Amino acid sequence: MIDPLAAVLVILYFLLMVGIGVWASKKIMCMSDYVVAGRSLNFWVFTMLMIGSVCSGMSLLGVSGLGFKFAWPTIWEQLAVPLSIAFCIIFFGVKMHAVAKKSGYMTVQDYLAHRFESQTSLRSLSATAGIVVSMIYLAGQYTAISIVLMWLFGLPHWMALLIGAAIVTVYTVIGGLYAVAWTTLIQGLILIVGVLIMAPIVIMAAGGFTHINEVMAAVNPSNVDPWVTGAGAVFTPSYIVSFVLLLTIGLACAPHVINNILCVRDAKYFKWAPLVAFGIYGVVMFLLKFAGFAGIVLVKDGIVQLPKVPNASDFIFVYGVQAAMPSMFLWGIFAVIVLAAVMSTTDRLMLTIGTYFSWDIYKKIIKPDAPDKQVLLVSQVSVFIAAAVTLLLALNPPDMLVWLIWAGIGIMYATFAVPLLAGLYWRRATREGALASMALGLGASLVFGAISYFKLASLPMHFSFFAFVIAIISMIVVSLMTKPTSEKVLDETLTGWYIRQK
Amino acid sequence: MFGLPIMTIVLVGGAFLLIILALLYWGLTFKEIPA
Chain A
21 MIDPLAAVLV ILYFLLMVGI GVWASKKIMC MSDYVVAGRS LNFWVFTMLM IGSVCSGMSL
81 LGVSGLGFKF AWPTIWEQLA VPLSIAFCII FFGVKMHAVA KKSGYMTVQD YLAHRFESQT
141 SLRSLSATAG IVVSMIYLAG QYTAISIVLM WLFGLPHWMA LLIGAAIVTV YTVIGGLYAV
201 AWTTLIQGLI LIVGVLIMAP IVIMAAGGFT HINEVMAAVN PSNVDPWVTG AGAVFTPSYI
261 VSFVLLLTIG LACAPHVINN ILCVRDAKYF KWAPLVAFGI YGVVMFLLKF AGFAGIVLVK
321 DGIVQLPKVP NASDFIFVYG VQAAMPSMFL WGIFAVIVLA AVMSTTDRLM LTIGTYFSWD
381 IYKKIIKPDA PDKQVLLVSQ VSVFIAAAVT LLLALNPPDM LVWLIWAGIG IMYATFAVPL
441 LAGLYWRRAT REGALASMAL GLGASLVFGA ISYFKLASLP MHFSFFAFVI AIISMIVVSL
501 MTKPTSEKVL DETLTGWYIR QK
Chain B
11 MFGLPIMTIV LVGGAFLLII LALLYWGLTF KEIPA
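As you go down the protein sequences, you meet chains A and B in turn.
Under this note's numbering, residues 21 to 522 are what the first sequence spells out, in order.
Under this note's numbering, residues 11 to 45 are what the second sequence spells out, in order.
Just so you know, these hints were derived from the structure itself, not from any lab.
A quick note: this is a predicted structure, and the numbers were derived from the prediction, not measured.
Not one of these hints is a red herring.
Calculated cross-link-like contacts (lysine to any residue; reagent style SDA-like; alpha-carbon spacing at most 20 Å):
(1) A:Lys320 to A:Gly228
(2) B:Lys41 to A:Tyr445
(3) A:Lys121 to B:Lys41
(4) A:Lys393 to A:Ser45
(5) A:Lys291 to B:Lys41
(6) A:Lys291 to B:Thr39
(7) B:Lys41 to A:Ile519
(8) A:Lys288 to B:Glu42
(9) A:Lys46 to A:Lys393
(10) A:Lys291 to B:Ile30
(11) A:Lys288 to A:Asn62
(12) A:Lys288 to B:Tyr35
(13) A:Lys47 to A:Ile194
(14) A:Lys121 to A:Asp511
(15) B:Lys41 to A:Tyr289
(16) B:Lys41 to A:Ala118
(17) B:Lys41 to A:Asn62
(18) A:Lys291 to B:Ile29
(19) A:Lys291 to B:Trp36
(20) A:Lys288 to B:Ala32
One chain only, chain A, in its complex shape (with noise of 0.2 Å):
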């Protein structure tokens, strides 16, 4: 039985949502103002525009249910996805900001073809990748907007993501990233809050921190040591490594992160960004983690029954606040909060996904004398486009909502951090190694995604972390059998091994 309260409440948060977007619609004059909102973003709207695309399904889901499967052991997800957000405002941000202020760039591909010298095989290439990876991502996250639908309505999980996928469709396609980025600032301040409350009182149902971690240690000791070892251990010393590069190094080169780097409206931001958001985002994830610890609690004494579906784990902070909490309207405020993180991904994944196809591909590649309102149409019908293709594809999700998010994170990472990376800061880098390292970075990923997923191989850590290594090599080898890039774009792109000073 549905509380008519708790539906009301998700019905407002829809319609506050999309009327948002309609008021970002009449911001929306030329492309610039779709695709990078005018370059206008204040401090605190782009801080939480980078924590909303971080935060993602995983965090809320994803997290907990990882913490609940493998406990202590996987804590360092607590710090490297909030360091994600730094590293991508210092290492990528501080320079590309001031290179973009000048030469007017929309997209991360506009840097990438301006320093190597490349308007169309690299652009196409990388904006093809980025579409390919936001789109497995964006699975991940309608998944994460199903499991709370079906849970508090008791949809069907077809109905719960078609209606999700259309409110978030509804306000991106109309107000672009000035929708993204206001929505994005109330479903942060919702999340926060909510997450604030809500864990400590799943912790609390559990009986306390220190409880938690004594029952956790009564099951197995090493459920409360920083890493295992041993047989058939997943979380060793060298898997968390790779993890923590993964997810540092990933999630600050992913296509909906880095781009909103394009969109501040003054670089002093960057100062106190990187502490403010590490800092905010830090407690919001060590929360949800300890959320996950005590669903081993209660479902070890009986207060908590997972459902009987193959992504079982992913449900625990949901049942767990359900245990907590036994009042339906709190279960709808809940929902909410769930419904906020999620969203606050998906739009700026589904709008990447429609700058890209519509800037660098139709704009700079097929018809570049197209005029601006054409361009902003396009953008919009990819962005449309893009949600019901993605939509076919999280019909059948995978057992663990957070593998299918890592393994978009990981083609992401083992894809664009070289390029990235060795474009900013190694004036040797050339076009064809940036060509080869982004080719077989991809192509790797998918092979050791593939060999990780389908269990064909024991892989001693996390399978992009060899699609990573195979990037770096080919960047280096094919840079240095190839031609340099001329000295004036190097300078022009501030190319060197510096972040502030020349």
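Assemble the complex: chain A is given as a structure, and chain B must be docked to it using the hints.
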């Protein structure tokens, strides 16, 4: 403490503190790239 081994507290707490200090240092020494 907190039902956790000391190694877990030191490693996780130490890493958290180190990151905070590094980002604080970044903020205090930050200078914009001149246009």
